[in-house]
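Sequences and hints are given; from them, build the entire structure.
Using the numbering used here, you'd call the opening residue of the sequence shown number 1 and step up by one each time.
If you're looking for bench data, these hints aren't it; they were derived computationally from the structure.
Computed from a predicted structure; not experimentally measured.
Every residue gets a Cβ at the ideal spot worked out from N, C-alpha and C, and that includes glycine.
One or more of the hints may lead you astray.
Derived SDA-like pairs: lysine to any residue, alpha-carbon spacing no greater than 20 Å straight-line [claimed, not checked]: (1) Lys216 / Glu195; (2) Lys191 / Lys216; (3) Lys201 / Asp265; (4) Lys216 / Asp124; (5) Lys225 / Arg67; (6) Lys153 / Asp124; (7) Lys153 / Gly177; (8) Lys261 / Gly249; (9) Lys153 / Leu253; (10) Lys98 / Arg67; (11) Lys261 / Asp198; (12) Lys74 / Lys261.
Derived Cβ-Cβ restraints for the label pairs, each shown as a range [said to hold, decoys possible]: (13) Lys228 / Leu145: 43 to 49 Å; (14) Gly92 / Glu180: 40 to 46 Å; (15) His204 / Val63: 39 to 45 Å.
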Amino acid sequence: MDSDQYGRDPISISPPVGRLAIVADGNSPDPDDLGGTAVSLALLQASGLADRLVHYSHSCDLVRGDRISERAEKERHSLMQVACDVTARRWGGFDSLKFHDALWEQEETVNDLARAINNSSASDPLWIVEAGEPDIIGLALDASLPAKHSFVKVVTHHSANDDAGDFYTWQNILDFGVEEVRIPDQNVHLKVALEAWDWAKDHHDPRIQWVWLMGKIAEVDDVVKFQKGKWDCSDAGMVLYWITGATSGGVELGTVEDVKKLLLDYIDK
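Here's what the structure looks like:
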């Protein structure tokens with residue numbers, strides 16, 4: 001395939017059959033889901049796949065830990081909702097989707113994901129991106145039809161999510177009979193020095209600037225120190241993997257350059 005007018009090699013958009021669900025946290029100590037959410041939604045719209053996203057929930061950490069105060073966690077809920085709603089409106093393509101607060105709207109969130117599971121079949125499976133603790137996924141599997149679980153694939157990239165549940169272990173999730181889709185740690189190339197995203201900060205299009213801003217808000221967060229100087233959209237690597245083919249040749253270790261190519265190609269058009 002030929003490069004575009006800026007010399008960027010094209011990214012293959014070849015998603016697998018089925019629908020996509022994303023369960024993120026963001027109300028836990030790590031604020032990286034702010035950038036991850038903005039990038040994930042922008043990538044889906046940029047690749048023409050926004051209509052394949054049938055569930056998005058955030059703040060899936062159901063028990064607050066000592067590392068984040070009650071006030072700081074409340075701020076995170078608000079910031080995550082903004083990251084969802086504003087990114088979706090500015091980039092477009094998600095008008096029929098409600099973004100759920102998994103903790104504050106737990107019953108509605110679980111029921112929504114359970115419905116998506118129940119709508120699954122061999123020809124229309126559900127891919128669940130585990131971008132946070134596994135408890136909401138476990139609750140939805142428990143509330144859904146067992147006969148549908150073999151048509152569910154759960155994508156994970158880090159044991160920090162798998163092992164963080166308050167009510168379900170990762171093995172509990174697998175015991176429902178879902179398919180595990182494990183890819184390498186996306187922090188390797190998607191948690192980067194802040195300067196690696198200057199292209200977005202300085203871009204003329206406010207949609208690109210907005211994505212950068214979400215990652216910058218996470219970087220200046222005052223709850224944790226390990227995001228300082230970093231722009232982190234690591235969980236979006238699982239969405240990039242799905243967009244580019246998932247288990248049939250998807251990009252297993254996404255890079256900022258991959259994200260940049262997809263987003264700027266969409267903006268340029």
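Hints versus structure:
no., hint, verdict
1, Lys216 / Glu195, "holds, 11 Å"
2, Lys191 / Lys216, "holds, 12 Å"
3, Lys201 / Asp265, "holds, 17 Å"
4, Lys216 / Asp124, "violated, 37 Å"
5, Lys225 / Arg67, "holds, 12 Å"
6, Lys153 / Asp124, "holds, 11 Å"
7, Lys153 / Gly177, "holds, 9 Å"
8, Lys261 / Gly249, "holds, 18 Å"
9, Lys153 / Leu253, "holds, 19 Å"
10, Lys98 / Arg67, "violated, 29 Å"
11, Lys261 / Asp198, "holds, 14 Å"
12, Lys74 / Lys261, "violated, 35 Å"
13, Lys228 / Leu145: 43 to 49 Å, "holds, 45 Å"
14, Gly92 / Glu180: 40 to 46 Å, "violated, 33 Å"
15, His204 / Val63: 39 to 45 Å, "holds, 43 Å"
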